[in-house]
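J.: Residue numbers (the numbering used here), protein chains in the order written: chain A, 187 to 612; chain B, 6 to 323; chain C, 401 to 666.
If you're looking for bench data, these hints aren't it; they were derived computationally from the structure.
Label pairs and their in silico Cβ distance ranges:
id, chain 1, residue 1, chain 2, residue 2, range
1, C, Tyr498, B, Leu132, 35 to 43 Å
2, A, Asn288, B, Gly103, 38 to 46 Å
3, B, Gly103, C, Leu444, 45 to 53 Å
4, B, Val222, C, Arg580, 41 to 49 Å
5, B, Gly103, A, Glu432, 26 to 34 Å
6, C, Pro491, A, Lys612, 47 to 55 Å
7, B, Ile212, C, Leu444, 47 to 55 Å
8, C, Gln652, B, Leu171, 30 to 38 Å
Everything numeric in this text was worked out from a predicted model, so none of it was measured.
Even glycine gets a Cβ: it sits at the ideal position worked out from N, Cα and C.
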Amino acid sequence: MKLRALLATLILALVGGIAPMAQAQMKLQFYYPVGVAGPLAKIIDTYVQEWNKSHPQVQVEPVFAGGYTEAYAKTLAAIQAGTPPDVAIMLSQNLNDIIGQNIVIPLDDLIKADAAQMKMDDFFPAFMLNSTSGGKVWSIPFQRSTPVMYYNKDAFKEVGLDPNKPPQTWAEMVAAAKKLTKQEGGRTTRWGLAIPSSGGVDTWLYEALTIAAGGLLYDANNSCCKVLLASKPAETAAQFLRDLGEKEKVSPPGAINWGTTPNDFVAGNVAMIYYTTGGLGFIRNNAKFEFGTAFLAKDQRFGAPTGGGNFYLFKGTPPDRQKAAWEFTKWMTSTDILARWSIDSGYVAPRKSSWETGVMKEYVGKYPQAITARDQLQYAHAELPVKNIIEVKRAIVTAIQTIVTTTQPIGPTLAEAQKRVDDILK
Amino acid sequence: MPRRGVLSTLSAEARTLAVPGVHARRGTNWSAAWLAAALLAPTLVFLLLFTYWPLVVSVVGSFQRFGRGGTAPRWVGWQNYWDLWNDALFHQVLVNTGIYALIAGPVAVAFGLGAAVAVDGHRRLRLVARTLIFHPVLLPTVAIAATWLFLLNPVSGPVATLITRLTGRAQGLLEDPHTALVTVALVAIYKNCGLYMLFFLAGLQAIPRELQEGARVEGASEWRVFRHVTWPLLGPITFYVTVTAALDALRNVDHIFVLTRGGPANATNVLLYETYLKAFEFWDTGRASALTVLMVALLLALAVLVMPRLERGVHYEA
Amino acid sequence: MRRDWPALALCLPFLGPIAFLFLASFTPSREFAQGRYWSFPPTLENFSQAWQSATFVLYYRNTVLYTVGLLAVQLVTVTLAGYALARLRFPGRQAVFYAVLLQLFLPPVVLILPNFLTLRAIGLGDTLTGLAMPYIASAYGIFLVRQGFRSIPPEYDEAAMLDGAGRVRVLWHVLVPMIRPHLAAFSVVSLIYHWNEFLWPLVATSSNRNRVLAVGLQSFTRASESGAEWGLICAGTLIVIAPLMLLFVLFQRVFIQSFTQSGLKG
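Throw the hints in and build the complete structure from the sequences for me.
T.: Laid out in structure tokens, this is it:
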């Protein structure tokens with residue numbers, strides 16, 4: 187009797203484990219990350235459900251894979267384990283890494299075959315920077331963004347600043363932040379400025395500061411393989427970040443967490459933040475005050491890195507599944523879906539045509555904050571695109587976190603990180 | 006009526022010889038060996054595949070460098086080890102592991118002992134206290150870590166708020182490289198000390214009360230009773246618990262995945278976590294293998310020190 | 401009683417976290433941004449959102465299949481191996497025993513990379529079966545069972561065998577029932593350990609289809625990268641630990657005895 191029960195359980199376990207994919211219709215695995223605030227996973231699910239309803243033969247199973255880093259690691263792990271997804275959104279930034287690993291397919295042939303629907307010049311050139319390599323197109327922009335500065339207009343009015351004239355230079359920004367920082371009974375109840383440097387998109391905003399300081403975090407002539415940490419602009423950016431907390435005392439001490447920043451903003455705990463335009467939806471829905479968006483302040487120049495994720499298709503996917511995955515990709519990156527996604531989230535619709543649609547025009551009329559990121563595109567640069575990107579980012583983040591949480595000298599810290607990164611990129 | 010066959014007519018000695026395997030007195034008993042082989046086969050197969058073969062794979066892999074995309078490996082001899090030796094990050098990881106093991110090991114054991122001593126002997130409170138202190142042992146480490154992630158978050162965490170009010174520091178414990186490692190170790194203690202407490206409770210109860218009473222009657226203070234009567238008798242248990250705690254400190258890094266991801270600035274990066282990063286996020290199989298080999302060496306050293314005593318077991322009527 | 405206060409003081413840090421977790425999961429997420437960690441009146445929105453965001457039912461199913469299936473196989477292998485090591489004399493017995501015991505110091509999670517590669521090589525990457533494989537040989541279980549058998553005087557075996565029973569029958573009908581407490585203790589410990597396991601399942605299963613509870617929960621909390629929705633995270637945590645807590649409250653004695661015995665019984 188006991189033996190039977192034992193056997194039954196054993197069989198159950200085996201069946202559960204090797205559960206075969208006996209399916210009548212095709213079921214595509216779609217990995218996607220969400221790196222911004224808000225119930226965006228639900229919105230993606232909504233789009234996928236729409237697709238599933240209208241395409242009964244090709245069902246898509248959306249798999250939320252966490253934040254960008256985690257999702258990328260998971261996708262790689264799945265590929266290594268021999269069970270790759272059929273289609274995935276990964277950071278556009280990971281392009282060189284992904285190409286180096288030889289796991290995705292270039293899309294030029296597919297694009298050519300669908301030339302009518304996939305006019306690549308409909309996509310903003312800034313977003314195509316991290317999508318092309320070696321003259322080929324490797325991924326299609328979907329949830330793209332640049333960081334912008336959000337500022338609390340009510341707080342501006344409160345301290346006598348003009349709510350329609352956000353600061354344009356670092357100096358102006360610090361001055362404004364000083365006015366906005368509020369102390370009550372020895373505790374700071376409102377900080378003037380918060381530029382996150384931990385948790386999530388760790389190097390992005392540091393890149394933004396480096397660009398504003400006149401430089402670039404990587405060598406544009408050797409974009410796959412050379413990082414420029416031990417450079418003047420990178421040092422200036424690091425010094426600025428440290429000073430905000432330590433010297434000027436307008437930012438919370440230590441490394442500010444990306445995930446809590448939009449919450450802090452809508453709660454009124456901080457008056458100005460650097461955050462992705464992809465958080466616009468969340469902030470719009472939760473802020474109980476008037477807020478504005480502005481270009482990131484300049485030091486030497488205006489500038490920002492692009493960010494966000496693209497659609498990738500994978501090598502080794504059987505041709506019929508690949509075809510289906512391509513159809514899904516085209517659908518998700520169509521003018522209308524991109525417009526809706528932009529409105530729902532705050533990401534910049536990467537197609538110019540999306541901005542011409544009726545819903546978008548109406549939305550922009552109501553919320554002019556949405557255009558800031560799009561207009562900033564003229565100053566945008568590609569995001570750090572080197573290979574072995576996960577390890578490189580971790581090394582850079584370690585340096586930045588050391589700089590903002592300790593008093594170790596900046597020059598040597600960056601120099602050491604530079605050495606480490608060079609080693610990683612050998 | 007029990008069946009009495011031919012065996013029962015033999016002498017006692019002859020009988021025992023006739024039964025394979027039991028009390029074989031001279032020579033190799035081959036039928037026992039075959040039976041043993043059959044019974045042990047499944048265990049040995051899986052042991053070989055998942056404990057011993059991996060050692061070979063790791064050693065071999067540690068002498069190679071793999072292309073990050075799984076391209077063909079090439080031999081580099083001791084280069085991986087040499088790179089680790091010269092890597093400041095590796096040194097930091099080793100130091101972190103040492104500090105962490107010290108806190109989540111012996112200190113955790115001390116907590117367990119303290120809890121056992123505090124809880125022991127109070128009839129009413131004992132059951133409640135024991136249940137409360139033990140319950141984290143049954144929960145997933147990631148759940149405990151998630152709870153503490155919330156409690157310690159600097160904006161709204163109740164514990165963080167309390168700490169700010171008491172000490173005035175605004176930076177979260179998990180965000181400050183100087184406090185993160187200790188904090189993470191404390192979470193591990195939180196999870197495990199209930200288990201250690203249980204072992205010590207059993208040990209304490211096995212100590213004859215007369216010994217302790219006798220010492221008290223002779224005027225010894227509580228501390229002296231503990232030091233000279235209780236503590237020595239707890240020796241074997243203390244040994245066992247310390248080994249358990251040390252092993253757990255080395256192999257359980259679940260909470261780091263939730264609390265700090267090895268940060269800030271690698272302050273909470275320990276050996277197993279770095280191995281995971283190198284293996285499954287950087288896909289640097291060669292160096293990850295080298296780290297695995299080092300970790301195995303460490304554990305084997307521990308095993309050699311400890312196993313003989315362990316095999317004898319801890320005999321207690323609990 | 402003056403001597404009561406240490407025990408009382410200890411209870412607080414172990415009661416507090418659960419209480420806060422509970423309160424927070426009924427608090428709307430926006431309260432946390434304001435610095436509050438609970439609010440009145442309670443809301444169920446976190447639970448409904450958590451339930452919708454993650455496929456907890458699937459995770460429960462996978463975890464049950466994994467732990468119960470694994471235990472079923474383990475009970476067989478440890479009993480057979482423990483018997484062989486306790487009762488049979490054969491050349492190399494001590495060496496085999498040490499070889500088995502060594503696994504206590506080289507748990508599968510330390511060998512996570514080579515084990516992952518092995519699974520991939522035999523085609524069991526991302527399956528629950530593959531997930532269970534490294535644990536089928538359980539040094540811990542074998543140790544317990546062997547100790548259990550050794551505490552039974554061999555005369556029992558002999559008597560039964562002289563009455564004509566073969567070894568297998570002796571094992572099944574006489575010896576195994578006598579080590580029931582050992583097997584029970586092992587079962588509880590194995591179930592709990594594997595139910596809560598995180599790191600090995602993280603790499604051994606990559607698709608959501610095969611994900612277990614602990615991995616699902618960790619993904620869930622890392623969603624804090626996207627906004628630190630504490631109410632949601634606490635609700636999710638509660639969904640994962642509630643059944644365990646309930647079982648513990650109902651079967652306290654069983655759990656505590658199993659863990660105590662597991663470490664100490666000879």
